[in-house]
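Enquirer: Sequence:
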Amino acid sequence: MKSKLLAVFGNPILHSKSPLMFNALLGDSGLYTRIRVQSGKDVAEAARHLNLAGANITAPFKEEVLPFVDEQSEEVSLIGGANTLVNNSGRLTAYNTDWYGATQAIKQSGLSLKGLKVVLLGLGGAGKAVAYGLVKEGADVTLVNRTASKAVEVSRKLGCRMGRLEELPILIADAELFVSVLIPSAKIPINHLPKGLWVFDANYHASALVEMAKKNGNPIVDGSQWLLHQAVKAYEHIFGTTPSVEVMDQALKQPRNTNIKAVAICNVDEPQQISEELWAAPKHKAESIINLHQPDLVIYTPTLGTNEVEEIYKDERSKAFGS
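For the sequence shown, the positions run 0 to 322 when numbering that gives the first Met the number 0 is used.
Misleading hints may appear alongside valid ones.
[Unchecked claim] When the alpha-carbon atoms are kept at most 25 angstroms apart in a straight line, the in silico PhoX-like pairs for lysine-lysine are as follows:
#1 318 to 252
#2 106 to 116
#3 313 to 16
#4 186 to 16
Since the hints were derived computationally from the structure, they do not count as laboratory data. Here the structure is a predicted model, which means the values were calculated and not measured.
Using the sequences provided together with the hints, build the complete structure.
Expert: Here is the structure:
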């Protein structure tokens, strides 16, 4: 039985590559899995109930989780979003390492952030973290968001400029770096990229923006380096030591496994097998069943029935693998 249990929370979540990095470091000493939940409240509840040593948080829970934690780091209070939890005997402390991951990725591309003219599109939990990191590093930042009032609010808080969505083509014409932190399905309202403009898309999978940049010959910041470096800093918060960046980077390059083992924590009396890939278990046996099966995915929905969790599992597979 592996002693340490960690996870990344999201909805959807099966696509996440975070387990590749953490499990390469943990080896036989622990398991880092993916947990699908319904709300930010469920993130905190599951972290405590499953006795997680720590966790990462992705969309859409980076802001939603905050009312349910016990303590927030200074960065979390300023950003208004968290991507890392540390669990100390049920007391949850929230941290944000997205800003560090994003700025490290940009620096590793050879760009100097001080004075760099940056246009940032998207101010969800991750977008606000990147905005914070860019301002902290001395970049000349203009924030753009579909809801202009949010761009006004965040720009005032951080001390940078804001622009309107319809101005985006004009804004990027005068920029050196364009950062998009929109969700993968969102359409970016531009059809042309100025020559020489650096492009950084938060989505580390293929995106329409990155494809446009490649066709146009624009230099690209590697989005997977954001994922890598935010994970490095998250590991430091959880374990108090610095991990091997090389081991994590190599693990990140491994192909994803499509042979999935999943456990649903749902409204059943006893553990039962639902399908070849999916087991169900009641909440009071959650930790032991997860340790037994070592799943790639946990669906943490204690009040839902087996039919509902089957549909959730199909949705996760479809979004992760297209099947």
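Enquirer: Hey, residue 313 versus residue 16, does the alpha-carbon distance stay inside 25 angstroms?
Expert: The hint holds at about 19 angstroms.
Enquirer: Quick one, are residue 106 and residue 116 close enough, alpha carbons at most 25 angstroms?
Expert: Holds: residue 106 and residue 116 sit about 14 angstroms apart, inside 25 angstroms.
Enquirer: Keeping to a limit of 25 angstroms between CA atoms, is the pair of residue 318 and residue 252 held or broken?
Expert: Given that 25 angstroms is the threshold and the Cα spacing comes to 20 angstroms, the pair holds.
Enquirer: Please verify whether residue 186 and residue 16 have alpha carbons no more than 25 angstroms apart.
Expert: With Cα atoms ~24 angstroms apart, residue 186 and residue 16 stay inside 25 angstroms; holds.
Hint compliance for this structure: every hint is met.
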